[in-house]
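> Using the sequences and the accompanying hints, generate a full structural model.
Just so you know, the sequences run in chain order A and B.
Taking this note's numbering, I'd label the letters of the first sequence as residues 1 to 170.
Taking this note's numbering, I'd label the letters of the second sequence as residues 1 to 280.
Calculated from the structure, these hints are not laboratory results.
Just so you know, not all the hints are guaranteed correct.
Stated by the list, open to error - Here are the simulated lysine-lysine pairs, DSSO-like style, with alpha carbons at most 30 angstroms apart:
hint: 1; chain 1: B; residue 1: Lys104; chain 2: B; residue 2: Lys241
hint: 2; chain 1: A; residue 1: Lys135; chain 2: B; residue 2: Lys203
hint: 3; chain 1: A; residue 1: Lys138; chain 2: B; residue 2: Lys248
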Amino acid sequence: MINIYKNNISLFIYRTIPLILLYISVLLQLDNERNDYFNFNFPQILIFYWCLKRNDLLGYGFIFFAGIVNDTLVGLPLGVTSFCYLVLCGFAAYLRTITLSPSLIKDWFFFLLAIFVTNSLNFIILYLFFDVELKVAKIFLNTSFTFLLYIIFSAIFDFFLKNFIGLKND
Amino acid sequence: MEPSRDDFIIAIRSTFLKKGNKQRFSLFALIIISLILLIFSKYNFKFINYIKLGVNETVYRGSFIVSAPLKFLDTKYFEIKEHFKLYKNYQVLTKDLETLKKQKYDSEFLVFENKRLKKVIEDINYSSNEIIAKILVDKQSPFLRSVVINKGSKNNIEKGMAVLNEYHLIGKVEEVNYTTSRVLLLSDLNSKIPVIIEPEGIKAILSGGGDSLGEIKYQKGKSLISNDSIVYSSGSGGILKAGIPIGKIKINNQKINVKFFKDFNQISFVKILSFSEEKN
Chain A
1 MINIYKNNIS LFIYRTIPLI LLYISVLLQL DNERNDYFNF NFPQILIFYW CLKRNDLLGY
61 GFIFFAGIVN DTLVGLPLGV TSFCYLVLCG FAAYLRTITL SPSLIKDWFF FLLAIFVTNS
121 LNFIILYLFF DVELKVAKIF LNTSFTFLLY IIFSAIFDFF LKNFIGLKND
Chain B
1 MEPSRDDFII AIRSTFLKKG NKQRFSLFAL IIISLILLIF SKYNFKFINY IKLGVNETVY
61 RGSFIVSAPL KFLDTKYFEI KEHFKLYKNY QVLTKDLETL KKQKYDSEFL VFENKRLKKV
121 IEDINYSSNE IIAKILVDKQ SPFLRSVVIN KGSKNNIEKG MAVLNEYHLI GKVEEVNYTT
181 SRVLLLSDLN SKIPVIIEPE GIKAILSGGG DSLGEIKYQK GKSLISNDSI VYSSGSGGIL
241 KAGIPIGKIK INNQKINVKF FKDFNQISFV KILSFSEEKN
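Okay, structure coming up:
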């Protein structure tokens, strides 16, 4: 009885880890490292992966609110990041719906398309509607590193998912 | 087999309109809400400002608490790094001190003379009030550069006030909440400050470069500017006081850059200055 109780608690903790990671990464601004040349968007990797593999662990409402937190911290107009995160969720959910046999390479290149579209939308909204000046080269660099690092984080998350949570939805 | 158009529509409908397993909201509904928020932000609706004020206060404090351990490690790392440079720094500082001692008396004389002459020509003198603030959030993005401080409208902070670290200008107040404010740093691409380059006396606009350097724009007499000239605030526009030091000119491939006196990543406390005109 005690063992079942303990297992349930540990499973609950494991299941909330993606959500905790999302909020910590947003609050610590892990998408915006201080280095001018190497920076990547960790929340984008996290959101895409978990929406694709286990969307029940990362609610859309929480993702929306994480976007609001990010906008507040960076000083962007409210809703920009939420919109981009949710579009990214849309890509992941679409890929999940149409995929019969998952393949890491397919996921990886679909992720490239997804972040390219979301970052472009982010740029268009900020530049055209809010007159915020941005450096395209830096966004390009950020997108490239995010794309390249997806495969590494994906392997880590896969390991975590298989060994601690389980692959199947409830 | 290629998926048909109907399959595509079904997949899109299932993606955006269906609530997923254990999801409380559909993706479509949340996307619409974020778009509504964006439109309201664009047209500055009053209620969105109230929501923003509330969210800002909570999120800034939350981020401060969450990032405290990381900040502690960061500070310790820089402290240790500084210890290794101690002897080298000591030698440089000793030389600087000697030079400064010589310059001190000259500059004191010039300040008194300047004040006296301003009185004679009935020019405006400025008196300033200082407010010391602590930096709560300094998570600068590669695209946008700003910090959040722990003083707001409660402490009489107003939009546009000059923000200094020691004696150097680092930015101006961009957004004011009740107990917090956002400071737009000089290195931000959207920062534009009127400056004067000395000893040439050329007026220009200093724009942020998005990285550690600033850029001189819209100046006359480009060829007259030389390396290592000092950039000061010009006071044009009446927001900032004239003569606050900002940085040194670095000419690189005909591009006039400004190396700021302060490293914006290593600031813990700032001074917010408000200026008022003094009657002569």
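> Looking at the structure, which of the earlier hints fail to hold?
none
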